[in-house]
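J.: Single-letter residue listing:
Protein chains: 2
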Amino acid sequence: MTRGPQVGELRIDGDRLLRRLRELGEVGSTGDGGCARLALTDADRSGRDLVTTWMRDLGMQVAVDEIGNVVATLPGQEAGAAVMCGSHVDTVATGGIYDGNLGVLAGLEVVETLSAAGVVPRRPLAVAFFTDEEGSRFAPDMLGSLVYAGGLPVEEAYDIVGIDGARLGDELARIGYLGSLPCPGQAPHAYVELHIEQGPVLERHGETIGVVTGVQGISWQEVAIAGQSNHAGTTPLAYRHDAGLAAARVAVYARQLAAGMGGDQVATVGKLDLFPDLVNVVAGRATLTVDLRNTDEARLAEAERLLGAELDRIALDEGVRCSRRHLARFEPVEFDPRVVQVVESTAGSLGYSVRRMPSGAGHDAQMLARVCPAGMIFVPSVGGVSHNPAELTTPEHIEAGANVLLHVLARLADQGWS
Amino acid sequence: MTRGPQVGELRIDGDRLLRRLRELGEVGSTGDGGCARLALTDADRSGRDLVTTWMRDLGMQVAVDEIGNVVATLPGQEAGAAVMCGSHVDTVATGGIYDGNLGVLAGLEVVETLSAAGVVPRRPLAVAFFTDEEGSRFAPDMLGSLVYAGGLPVEEAYDIVGIDGARLGDELARIGYLGSLPCPGQAPHAYVELHIEQGPVLERHGETIGVVTGVQGISWQEVAIAGQSNHAGTTPLAYRHDAGLAAARVAVYARQLAAGMGGDQVATVGKLDLFPDLVNVVAGRATLTVDLRNTDEARLAEAERLLGAELDRIALDEGVRCSRRHLARFEPVEFDPRVVQVVESTAGSLGYSVRRMPSGAGHDAQMLARVCPAGMIFVPSVGGVSHNPAELTTPEHIEAGANVLLHVLARLADQGWS
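From first to last, the protein sequence lines stand for chains X and P. For the first sequence, position 194 matches number 194 in the numbering used here, and the numbering has no gaps at all. For the second sequence, position 5 matches number 5 in the numbering used here, and the numbering has no gaps at all.
Where hints are given, some of them may not hold.
To be verified - Covered by chain X, according to a simulated footprint, are these stretches of chain P (three or more residues, beta-carbon under 8 Å):
no.	segment
1	26-36
2	196-207
3	236-247
4	284-295
5	354-367
Worth flagging that the hints you see were computed from the coordinates, not collected in a lab. Just so you know, even glycine gets a beta-carbon here, dropped at the ideal spot from N, CA and C.
Build the full structure now, drawing on both the sequences and the hints.
T.: Pasting the structure below:
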């Protein structure tokens, strides 16, 4: 670090960051405080255009890769791998203005703060936004960072068809974000992502900064149950093969399973559909999903095994057939302990209360963790609400998170790992 | 009974009855063995026209009442209240060719058999079909017989709006079945309805004739559950207000309740909908229906009370709000023991195996039971299937049921109750 004031005294400009968040939130605004910028739509292009304009205005070198990830770099005193921060600027259909955007715009705020103070870090700093993190239009989610980290060949990604029938590669070209930088991308020196928690834990505990230790492993299974559709009045209980009852038993069991396992284990049946779904007809078919998450792979696999055994029991009890398939399966990710340590000590030295916690949601950082030391900073979500126009993080918490990001990046850019 | 052979020797013509069933089944045919003649549609009109043509061909006097019920009468040796049989000719959207139609066409078959043998019963015989028994287009079901029995003013019935936005009174006039015979209608001397069982009991027990002792009381409740929509990954179990879990608990409890009460009690959760119904979102809202049935009113009311208490418990446990409302509530109906006895002894004397049983489904006979001695004859449904193109009752069982109807009507038309 050369020239300028003591870096340790620097603070980001919270108002400036909020102005950018709100201006970006106007793009694709849903008129209710939220916004909708599904990946690679016209609204996403407009959001990308605005952010890349800001990047260039800050004197950063903007590069677009083959999957549309945008990486803006501020040269350091030395060449080499950059210390990268970032997140995503696509949203779900009922998105708020903070999710994803905060991590990107806080990165720009860090760059502007350092530049205004005349600080040039030793290593280059990069601010990235990754394509289609939400997965709301093109599955899987975290697609851009997955391709960046080499987890999915770019040609395969191009052929993914969205919920509206559009081909990902075509849409990328159409909106002008089919770049030339090759994928997989260059491994950063480190990657740090600031993100809203999207859960209630920090708020409930009155803490400001979440030091994210890793990302829970995710198992999404779809369970299809085939029973027999029968008249609800004329069919004695003993003759029933009630797919609806079997589905309800799975949902009740999933909660018991998670509560019994304790720790970080969660289980959710969020989707459950009966057929024909009529008041006086015993359901002949049911489909439901079971979302299991745990920070520990062995325990997650154990939860899957127990669920499978219970499905067999329910099938036998109710005289129905249960089949299941994975819709998604990600092993838990543990962030690099050195990054976790830097985040924790930096937040503490800035005077913020901190809490070590896993992330229950998936984030681009877990993909970057495949290629470099990575970590995350969480700030509280009011009411734990996200993916919702009512999503809110208070200005003071946004400022706190961005200040932690500033000093984490500054430390990682200047120091070794020792 | 005068002239002709010994009435006791008479048998209906099963082939002729089957031909009429199949010809009527062609009207509104869905091409898969089933038919769709929703009440007061063009298809229903065509079905009605065909049946009334047959009625007139048999020399019966056809009258249409203010709600479109059609009553065809064969004069007896004496004037006075007729012995009536019948059912309905409307169907559900995925109807079979037996449900309802059998009771009406078997009545015509009885008339043709008696007439061909030169038998004139002492009392008039009437064959009726009642409007909108299924309730698939206009709620409630059993509407025509309800109005006939004085349970619903005809002017109120006219104002009922169907699932397609049509007004019942307008549709009745449009298809030419807004008759002049006043409602409530004249009380018959007795009413007997032949119907397919629509359940598996007779088939499972290898029995031919169900002697229906009454109709189960029905309680349909809709339960609305309001919880809180949350992220399935970031929301610890302890912070959840999972409307989907609460709904599943209600469904599991409903079965436990019915199994625990024993006897005729059944309980079904056939409709259950989550919102937003997504794999990774804890459901914020759920609605479900609970269909409770019992032949005993006190026990049905007890089942409702126990369900309500459990809803309170679940609301407390899960931190959700549960509200419920009745969609339908009918007390159990007990058929006249004299009619039940005549059906049982007649079937036995014809050499058929019999089983006393309640009806789990609603039928026009339960409305007629409000105004006259009434009863029903069940014949087996293959696989217990109904409201389905695959609905089937074997020719031998159709013939058996119609022969029982023949001799029950003959006895009721000629004898007193002693």
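J.: Which hints from the list above does the structure break, by number from lowest to highest?
T.: Violated hint (a single one): 1; every other hint is consistent with the structure.
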